[in-house]
Amino acid sequence: MDNKLKIIGDSVILSINPKLYHLEVIYSASYVFLDKAYVFLDGDPEKEILVTLKPKENIDLEKLGGEFFNELVNYADYRTRAKQTQKIREVLLQRALFTNDPIKQTSPEFDDLIKGLEDDKFDDTDDIAIPWDEKYKREDETENKDKIKQ
Amino acid sequence: MKNIKEKMKQKIKIKLSNKFYDKDAIKEALSDFAGVCQGRILNDSIEVELEPKEPVENLEGEFCNYVLGLTKDKLI
Chain A
418 MDNKLKIIGD SVILSINPKL YHLEVIYSAS YVFLDKAYVF LDGDPEKEIL VTLKPKENID
478 LEKLGGEFFN ELVNYADYRT RAKQTQKIRE VLLQRALFTN DPIKQTSPEF DDLIKGLEDD
538 KFDDTDDIAI PWDEKYKRED ETENKDKIKQ
Chain B
18 MKNIKEKMKQ KIKIKLSNKF YDKDAIKEAL SDFAGVCQGR ILNDSIEVEL EPKEPVENLE
78 GEFCNYVLGL TKDKLI
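Top to bottom, those sequences are chains A and B. The first sequence begins at 418 in our numbering and counts up one residue at a time. The second sequence begins at 18 in our numbering and counts up one residue at a time.
In short, the hints are calculated from the structure, not lab data. Hints may contain errors.
As the list claims (entries may be wrong) - Just a sample of chain A residues kept apart from chain B, beta carbon distances all over 12 Å, derived:
id	residue
1	Glu-463
2	Thr-516
3	Trp-549
As the list claims (entries may be wrong) - No more than 20 Å apart at the CA atoms, straight line, and that leaves these computed lysine to aspartate or glutamate pairs for DMTMM-like:
id	chain 1	residue 1	chain 2	residue 2
4	B	Lys-36	A	Glu-465
5	A	Lys-471	B	Glu-74
6	B	Lys-28	B	Glu-68
7	B	Lys-32	A	Asp-461
8	B	Lys-89	A	Asp-427
9	B	Lys-40	B	Glu-74
10	A	Lys-473	B	Glu-74
11	B	Lys-30	A	Glu-507
12	B	Lys-40	A	Asp-494
13	A	Lys-471	B	Glu-45
14	B	Lys-32	A	Glu-488
15	B	Lys-36	A	Asp-427
16	B	Lys-30	A	Glu-488
17	B	Lys-36	B	Glu-77
18	B	Lys-36	A	Asp-494
19	A	Lys-453	A	Glu-507
20	A	Lys-473	B	Glu-79
21	B	Lys-89	A	Asp-494
22	A	Lys-436	A	Glu-465
23	B	Lys-36	A	Glu-463
24	B	Lys-44	B	Asp-90
25	A	Lys-436	A	Asp-494
26	B	Lys-89	B	Asp-39
27	B	Lys-30	B	Glu-79
To be verified - Simulated restraints, written as ranges between beta carbons of each label pair:
id	chain 1	residue 1	chain 2	residue 2	range
28	B	Leu-59	A	Lys-436	15 to 23 Å
29	A	Glu-474	B	Asp-49	30 to 38 Å
30	B	Pro-72	A	Val-449	22 to 30 Å
31	B	Pro-72	A	Leu-509	51 to 59 Å
32	B	Lys-36	A	Arg-496	19 to 27 Å
33	A	Leu-510	B	Ile-58	24 to 32 Å
Just so you know, even glycine gets a beta-carbon here, dropped at the ideal spot from N, CA and C.
Could you put together the complete structure from these sequences and hints?
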């Protein structure tokens, strides 16, 4: 652990093997620490990545470094799982989009109903097609409107 | 008061490795920090110079964190 974590002044420098942790994982872990510490990345992305953490508040530096390594493991696991489940997630998304496609959802009954409405051949026994104003217009209102017009 | 004014006069130089930090992210950060400081990229390696307009505690740290956030958003 000692050679992976060095405390210099008010900062802790972590040495990370890029063969163990992908750069994407290091960025993600660093992002989590932005509110706790000032994070600086340096080194060689092929050989050794150096992460310097300078805490914003007085925190135990060794603990902070340890937490960063834990976060690396967390994101490395997340990345592996994301890769493993990529295909199934894509299939699920495709399926969800397919079942919600209104074009694919049409059935013969639904088509008949739409056609009937378009042909306007339904019995309007309850006067549904008559507009509200026409149906419930009171006579006194029409008289008043006529007076106003005059 | 004198101390604050002297700090504001001081130019801050930051070295950011071009292997980890995106140059466009740095340019964007410089534009976003325009209210707080003036800055420019000095070379390709990438050295940034910040000239504070008002006293900000740990300006270089805040700037680096901001650039790192932008770089992460651009690359991932």
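Could you check the structure against the hints above and give me the numbers of any it violates, in ascending order?
Hints 1, 8, 9, 11, 12, 13, 14, 15, 16, 18, 19, 28, 29, 33 not satisfied by this model.
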